[in-house]
Amino acid sequence: MLSIALMGFAGFAALCLAMEKHFSDLLGRKPGRGQLRSLRLAGWLLLLVSLVLSVHQRGWAHGLVEWVAVLMAGVTLWVFGLPYQPRLLLGLAALSLVLGPLLAVFAG
Amino acid sequence: MKEGFRQAMAWLHTWTGLIFGWLLFAIFLSGTLSYFKEEISHWAQPEVRSHALDPLASLGLAQRYLEANAGHSASWMIRLPSEREAALSVGWRDPEGGRRGFVRKSLDAQSGQPVEARDSRGGDFFYRFHFELQMPYPWGRWLSTFCAFIMLLGLVTGIITHKKIFKEFFTFRPGKGQRSWLDGHNAIGVLVLPFHLMISYSSLVLFMYMVMPAGILASYGGNTNGYFNDLFGRDEVPKVANVATPLVPLERLYAKVQEQVPGARIGFIQVQNPGDLNARVTFTQSAADHVAYKRSASWTFDGATGALLKQGAPESAAMMTSFSFAGLHMGNYAGPWLRWLYFVFGVAGTAVIGTGLVMWLGKRQLKHAKSERIPGELRLVEVLNIASMGGLLLAVAAFFWANRLLPVGLEGRADWEINSFFLLWALSLLHAVLRPGRRAWGEQLGLGALAFALLPLLNALTTGQGLDHSLAVGDWAMAGFDLTALGTGVFLAWAAAKMLRAPKPVAKRTPRATKATVEGVEVNGC
Amino acid sequence: MKRTAAGLPLSYRLAVISRSLAALLGGYLLASMVSVCVALLAPMPQVDATLTGLLLSFVFYLLAFIWCFACRSAWRAWLGVLLPSLVLAMVNGLAYWMKNP
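Read top to bottom, the protein sequences are chains A, B and C.
Position 58, counted from 1, in the first sequence is what the working numbering calls 58; the numbers after and before it change by one each time, with no gaps.
Position 463, counted from 1, in the second sequence is what the working numbering calls 463; the numbers after and before it change by one each time, with no gaps.
Position 57, counted from 1, in the third sequence is what the working numbering calls 57; the numbers after and before it change by one each time, with no gaps.
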């Protein structure tokens, strides 16, 4: 479940950065052409993969419920942490992006 | 008309939120606590010892106890110890004994003897209060269910009103006064929305048979029992044959269930007509094993021969839907980390309501910032806000303090713990009336901070099962309670400090704050 | 809905009370009629139809509430809940009579 939580977290981070206002606030520059679109795509893809993985690991009932639960937890952490520790959260998101799929493949 | 619609929904959201907010705060807080009701009960009755789980042994002990003490009864109930519940519970129907004709006893899982523990309702007090509100049956259930509907209405009207729900999905701007409160309210509302919607709608499902009987009456006429029999797949229990026949050892039946579903945890066992030829034993799988309640996860045996008579009928789609909502609400299936998430989301729901109440007042107080006295209606809201939130937290702490301080042998001490809860709540209301708003908040939150933070110390001094002991022996329920109490104390101390510090000067902020609130709420002058 | 110096006019307060009653009582009536309709007419086993009727009833109570406060007048609020309730009541009556001749 940790891998799913991490991928979900990274997914929401990507969707957040896919919004121009948050992109410029967090990364300190204007987004390049197509960057927002790629982030949006990556975000949704991560969320979808985390869902498929969760259901695959835990079945439809537990899988669906746990997926929603960890996603809600992750995005809440992101939104409330962002004003206070943006760099830390960006770092965590990057870490999650790498660790999530790794854990899923090797430990899931 | 679009603007008018949103405005109307904002008006509805604001006013139903206010009128029912105080009660909903209490319902949400007690519900949140209920997710750990077994752990709270464990803390409240430290005399009940946990032992390694041995369902077969426990079953044998329960059967022997019941045969010795409830041989005359027509109906027995057994609840095996679990990871979260240390005691072995037995009960039996006795028209002359117990509450509502049913006697309950907690047995030590190792010795089979009744547990000698201090009389306390423990976590069950918060659980019952959550949906009965300490009101006589059935009024509390009606009121709490109606509140659940208002919560659902609040969520839907909130969604309709929140024009920038997608644009501001990731937005939280602290340190900006009313704007921050609104951001926070919206954020914990939207980010945890699946939980809030599920909790509110499922509350309605749990009591829908009671509050919306028209469909049942129209379809089943006077035979409402027929509806429940159809729903739960119950068969008629055969009448007593009055032929004494020893009850088959229940361990044997337990083994048969394990053959059907290896690894199944058993929730409870019901025995009808024990000691008779027509005895029936029903094993129901633990709610911890499935998200949805499963009527199919039950096995009925002939109590005299031990033959498997039937398994629960499979559920239809409609049943799975309704039973899933029930299961999701109760959260019995949740393991440790998911249970903590339930708790966190419950706190989030409580905070949605709390921030709403604070904002309702705050926005209107801004208008009267220059004048000496605030109008009566606003003062009433202020007092109710303080008492229903700060006061309620104090009352919860009082319950636990009473649990540790009241003499163990005191007659009716369980009721006195509850009385302490309501007494403190009432006193907090009085305090809120007598003190100016901000000070009242600060004082109640400050007292609450002390009360919660000192609980672990109180526990250690009065029972010797403080953190030094519980952490050492791995009693996570006991340690978890103490640590959560400590954390709550720290949070309340921070909140109290904010309240007791002099407020930032309002004058310079007013033009910007008013503009921000107008933008934020999209409604003028309501 | 601006406050006047002397407080809110009586007509406004009465309208709010009226809408509230329409929502609370009329909405409940509508929700009940819907649940009866589904219970009697849904093409499922009796228990499932009843169950589905119960599950759906709250959605309509919610919609009724929203209607009662979104529509242009208190009269429309009452009309909006009572008229469908009446129609459903007639349908229900017919369905009931056909099931229990």
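Hints in this document: simulated from the structure, not taken from any laboratory.
Heads up, a few of these hints could be off.
20 Å max Cα-Cα, derived EDC-like pairs, lysine to aspartate or glutamate [claimed, not checked]: (1) K310(B) <-> D235(B); (2) K105(B) <-> E168(B); (3) K105(B) <-> E116(B); (4) K294(B) <-> E377(B); (5) K164(B) <-> D25(A); (6) K310(B) <-> E259(B); (7) K105(B) <-> D415(B); (8) K256(B) <-> D25(A); (9) K176(B) <-> D25(A); (10) K99(C) <-> D230(B); (11) K256(B) <-> D302(B); (12) K21(A) <-> E168(B); (13) K239(B) <-> E251(B); (14) K163(B) <-> E20(A); (15) K256(B) <-> D54(B); (16) K239(B) <-> D302(B); (17) K310(B) <-> D230(B); (18) K105(B) <-> E132(B); (19) K30(A) <-> E20(A); (20) K294(B) <-> D230(B); (21) K294(B) <-> E259(B); (22) K167(B) <-> D25(A); (23) K167(B) <-> E20(A); (24) K105(B) <-> D302(B).
Structure-based check of all given hints:
At most 20 Å may separate the alpha-carbon atoms for a hinted pair to count; K310(B) and D235(B) meet this at roughly 10 Å. Distance restraint check for K105(B) and E168(B): the Cα-Cα separation of roughly 54 Å exceeds the 20 Å cut-off, and the hinted pair is therefore not satisfied. A C-alpha spacing of about 10 Å is found between K105(B) and E116(B), which places the hinted pair at or below 20 Å, so the restraint holds. About 50 Å separates the Cα atoms of K294(B) and E377(B), which puts this hinted pair outside 20 Å; it is violated.
At most 20 Å may separate the alpha-carbon atoms for a hinted pair to count; K164(B) and D25(A) meet this at roughly 19 Å. The suggested pairing of K310(B) with E259(B) holds, with an alpha-carbon distance near 15 Å, which does not exceed 20 Å. The straight-line distance between the Cα atoms of K105(B) and D415(B) is roughly 18 Å, inside the 20 Å bound, and the hint therefore holds. Distance hint between K256(B) and D25(A) is unfulfilled; the C-alpha atoms sit about 63 Å from each other, more than 20 Å.
With a C-alpha separation of about 18 Å, the suggested pair K176(B) and D25(A) falls inside the 20 Å cut-off, and the hint holds. For the hint linking K99(C) to D230(B), the alpha-carbon distance of about 19 Å falls within 20 Å, and the restraint holds. For the hint linking K256(B) to D302(B), the alpha-carbon distance of about 12 Å falls within 20 Å, and the restraint holds. Of the supplied pair hints, the one linking K21(A) and E168(B) holds, its CA atoms being roughly 10 Å apart against a limit of 20 Å.
Annotation: proposed proximity of K239(B) to E251(B) is violated, straight-line Cα distance about 25 Å (limit 20 Å). For the suggested pair K163(B) and E20(A), the alpha carbons sit about 19 Å apart, so the restraint of at most 20 Å is met. A hinted pair counts as satisfied when its Cα atoms are at most 20 Å apart, and K256(B) with D54(B) qualifies at roughly 16 Å. With a CA separation close to 13 Å, the supplied pair K239(B) and D302(B) stays within the 20 Å bound.
Among the hinted pairs, K310(B) with D230(B) is consistent with the structure: their alpha-carbon atoms are about 15 Å apart, no more than 20 Å. For the hint linking K105(B) to E132(B), the alpha-carbon distance of about 23 Å lies beyond 20 Å, and the restraint is violated. For the hint linking K30(A) to E20(A), the alpha-carbon distance of about 8 Å falls within 20 Å, and the restraint holds. For the given pair, K294(B) sits about 14 Å from D230(B) by alpha-carbon distance, which is consistent with the 20 Å threshold.
Restraint check for K294(B) and E259(B): satisfied, since their Cα atoms lie roughly 18 Å apart, inside the 20 Å limit. Distance restraint check for K167(B) and D25(A): the Cα-Cα separation of roughly 15 Å lies within the 20 Å cut-off, and the hinted pair is therefore satisfied. Note on K167(B) and E20(A): the hinted pairing holds, with a Cα-Cα distance of about 10 Å set against a maximum of 20 Å. For the suggested pair K105(B) and D302(B), the alpha carbons sit about 25 Å apart, so the restraint of at most 20 Å is broken.
Hints 2, 4, 8, 13, 18 and 24, counting from the list given before, are not met by this structure.
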